[in-house]
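Same order as they appear, the protein sequences are chains H and X. Letter by letter, the first sequence follows residues 1 to 362 in full-length UniProt numbering. Letter by letter, the second sequence follows residues 1 to 362 in full-length UniProt numbering.
Check before you lean on any hint, since a few could be wrong.
For identical chains, the list gives no copy identity; a pair is met inside one copy or between any two copies.
Pairs of lysine to any residue residues, derived as SDA-like cross-links and limited to a Cα-Cα distance of at most 20 Å, are as follows [claimed, not checked]:
id : residue 1 : residue 2
1  : K325      : W362
2  : K128      : G321
3  : K112      : T226
4  : K147      : I299
5  : K128      : T10
6  : K104      : G321
7  : K163      : G321
8  : K112      : L100
9  : K201      : A248
10 : K147      : F317
11 : K163      : M203
12 : K147      : P265
Rather than coming from a laboratory, the hints here were simulated on the basis of the structure.
2 protein chains.
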Amino acid sequence: MNYPWPEPGTSLDEVATPMPVIDEDRLAANIARVQAYCAAHGKAFRPHIKTHKIAAVARQQIEAGAVGLNCQKVTEAEVFADAGFNDILITYNILGAAKLARLKALNARVEKLAVVADSEVTVAGLAKTFDAARPLTVLVECDTGAKRCGVQTPEAATALAEKIAAAPGLHFGGIMTYPAVGGAEKVEAFMVRTMALLAEKGMDCPVRTSGGSPDLFSAHLVPSATEHRAGTYVYNDRSMVRAGHCTADDLAMHILATVVSRPAPDRAVLDSGSKALTSDLLGFSDYGAIAGFEGARVISLSEEHAVVDLSECTKPFPDIGSVVKVVPNHTCVVTNLFDRMVFHRGGKVTRVENVDARGTVW
Amino acid sequence: MNYPWPEPGTSLDEVATPMPVIDEDRLAANIARVQAYCAAHGKAFRPHIKTHKIAAVARQQIEAGAVGLNCQKVTEAEVFADAGFNDILITYNILGAAKLARLKALNARVEKLAVVADSEVTVAGLAKTFDAARPLTVLVECDTGAKRCGVQTPEAATALAEKIAAAPGLHFGGIMTYPAVGGAEKVEAFMVRTMALLAEKGMDCPVRTSGGSPDLFSAHLVPSATEHRAGTYVYNDRSMVRAGHCTADDLAMHILATVVSRPAPDRAVLDSGSKALTSDLLGFSDYGAIAGFEGARVISLSEEHAVVDLSECTKPFPDIGSVVKVVPNHTCVVTNLFDRMVFHRGGKVTRVENVDARGTVW
Chain H
1 MNYPWPEPGT
11 SLDEVATPMP
21 VIDEDRLAAN
31 IARVQAYCAA
41 HGKAFRPHIK
51 THKIAAVARQ
61 QIEAGAVGLN
71 CQKVTEAEVF
81 ADAGFNDILI
91 TYNILGAAKL
101 ARLKALNARV
111 EKLAVVADSE
121 VTVAGLAKTF
131 DAARPLTVLV
141 ECDTGAKRCG
151 VQTPEAATAL
161 AEKIAAAPGL
171 HFGGIMTYPA
181 VGGAEKVEAF
191 MVRTMALLAE
201 KGMDCPVRTS
211 GGSPDLFSAH
221 LVPSATEHRA
231 GTYVYNDRSM
241 VRAGHCTADD
251 LAMHILATVV
261 SRPAPDRAVL
271 DSGSKALTSD
281 LLGFSDYGAI
291 AGFEGARVIS
301 LSEEHAVVDL
311 SECTKPFPDI
321 GSVVKVVPNH
331 TCVVTNLFDR
341 MVFHRGGKVT
351 RVENVDARGT
361 VW
Chain X
1 MNYPWPEPGT
11 SLDEVATPMP
21 VIDEDRLAAN
31 IARVQAYCAA
41 HGKAFRPHIK
51 THKIAAVARQ
61 QIEAGAVGLN
71 CQKVTEAEVF
81 ADAGFNDILI
91 TYNILGAAKL
101 ARLKALNARV
111 EKLAVVADSE
121 VTVAGLAKTF
131 DAARPLTVLV
141 ECDTGAKRCG
151 VQTPEAATAL
161 AEKIAAAPGL
171 HFGGIMTYPA
181 VGGAEKVEAF
191 MVRTMALLAE
201 KGMDCPVRTS
211 GGSPDLFSAH
221 LVPSATEHRA
231 GTYVYNDRSM
241 VRAGHCTADD
251 LAMHILATVV
261 SRPAPDRAVL
271 DSGSKALTSD
281 LLGFSDYGAI
291 AGFEGARVIS
301 LSEEHAVVDL
311 SECTKPFPDI
321 GSVVKVVPNH
331 TCVVTNLFDR
341 MVFHRGGKVT
351 RVENVDARGT
361 VW
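Modelling step: build the complete structure from the supplied sequences, incorporating the hints.
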């Protein structure tokens with residue numbers, strides 16, 4: 001399909017809308033800032049590539065000092081293995097013969113691959129698939145308050161670790177969690193207790209990996225974590241500003257959108273609908289912010305329209321045909337809507353990258 | 001990317017998850033049902049292809065008797081023009097030199113193309129672009145209560161129609177609306193008044209096109225509408241069942257998802273996150289239904305996880321590794337997440353189609 005991707009050198013004013021665009025300098029600053037923080041606190045940093053899904057951006061993160069990559073699904077990891085990355089942690093329970101076969105093939109070619117597990121069923125499937133000739137590293141996923149996946153107690157974590165260690169084809173690599181925001185104390189307590197129980201069994205716990213972007217700069221409050229994982233920080237979004245993780249100056253992604261209608265004095269319609277922004281609210285009461293137009297509220301999205309309520313907008317809104325910059329509530333999911341991503345600096349397009357892992361939900 | 005699309009003949013049990021799958025018989029029945037209703041009421045039916053974005057499905061709709069296609073954006077229309085469809089209505093304000101140029105090229109090769117406009121700015125851009133050698137048909141978009149795009153009054157509709165008619169390169173084709181659900185009376189009143197005002201000016205109003213799936217079977221309450229447009233009906237979803245448009249037996253799309261974790265007695269996690277379902281709530285308090293498990297509530301989505309609250313589930317939920325069928329709140333946006341779509345009949349995959357117009361938001 002002949003989609004109107006811009007050429008490098010094009011002025012940002014001439015980019016087709018709706019279009020997400022990434023500020024190169026803010027992107028580089030976000031990468032550097034988090035890497036510096038983690039280095040200052042003696043933690044390895046492992047970016048979650050879900051936010052960009054682009055091999056070239058992952059390379060920037062590795063070059064800045066990241067220890068490896070975090071992926072969520074097998075096909076997502078395959079894309080980055082294809083691109084030459086040699087240290088990948090898949091923070092997911094991998095189940096079913098087809099996925100396990102693909103995982104085995106991946107493990108044969110990625111120097112340092114690891115997955116997580118939070119149940120005996122998952123571990124049994126992995127144990128059946130892998131053998132001592134080329135074992136797979138498995139971490140135990142721990143629920144430290146986010147109430148998603150994960151074993152519920154340090155005792156359960158220890159028991160599962162023993163199951164992993166007992167399998168000839170598996171290697172127990174440590175523990176992993178995706179914590180609740182602000183849950184540092186619970187993470188630390190869980191990790192300390194689990195390490196103690198494992199030590200009683202004569203077992204090491206080499207990797208203790210925590211994660212999250214919103215309270216990333218509190219990661220030092222989990223001294224037992226050897227590593228931190230985060231994705232959203234690389235582009236940032238409205239929810240990251242609200243969380244205090246960053247300021248509006250650190251927003252690398254905006255969605256350029258054209259005003260296509262001004263049907264009433266207090267209403268505007270933009271061409272960026274849910275198929276450009278997604279309907280992710282993340283606790284906001286509206287679907288995005290519009291840079292430079294405080295009080296303008298994106299009150300509803302159709303698939304190809306954004307309806308903007310201007311009744312509280314503090315300045316006159318642009319006319320039909322004008323382009324505005326939408327700050328997404330959630331950047332990661334915008335990435336997954338587009339086949340390519342436009343980058344810019346100084347008002348000009350610098351590059352257009354393929355979103356290499358778009359759609360890899362398997 | 002080597003995504004695990006299934007081959008025709010594969011058992012549905014072996015389809016990779018998460019995966020949307022389309023029941024062929026329900027699809028055909030949905031197409032036939034709506035076509036029969038419109039025929040019975042003397043209305044042309046024009047399907048909105050956004051829900052499937054697949055040329056082969058559009059062909060099924062045309063073969064069933066649809067008068068042409070409805071697209072929302074220029075690049076979406078281009079895909080269907082490429083596939084040979086010769087009657088396309090783009091229900092959008094087309095603005096900006098680049099889009100207008102592409103629209104002109106489209107008009108040169110599509111036998112019957114039309115767009116809508118709701119402002120003088122939009123009409124002026126179209127008037128400047130098209131000439132009498134190959135004019136473009138333009139309908140006036142009317143706001144009949146949905147408060148999205150559209151002129152606000154029949155008087156304003158008439159004035160804009162005159163502007164269109166006055167342009168040598170444009171042809172006034174009639175009026176279009178996307179109404180509020182349950183707004184049949186307002187649509188009828190607006191259409192009747194506009195037609196009367198146009199008649200006073202000696203102007204015909206050949207096409208009066210209304211739309212919507214939720215109250216599609218009330219379209220006969222708008223006798224002045226010559227045509228009805230709808231997209232969602234073709235697959236249906238949870239919101240269509242709630243609206244009374246259809247029953248659960250008419251749901252053609254389900255998302256197959258694997259139970260990847262049972263961390264607690266009242267919690268399950270599925271591998272279908274917002275990147276498979278979207279976060280579209282559409283007024284529901286949860287993110288999808290699970291066929292056969294009433295009371296199981298998808299209470300939160302991460303990008304690759306669905307957390308299911310089982311506390312009110314009326315029967316035991318399946319174990320880790322089992323596959324369940326999720327009913328999406330909103331089917332159209334699921335389509336736009338996947339490069340291909342799997343169809344099935346009798347428990348076996350029948351075909352896998354490219355989602356031809358995935359991502360065409362420009």
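Report the numbers of all earlier hints that the structure fails to satisfy, in ascending order. Hint check: 5, 9 fail, others pass.
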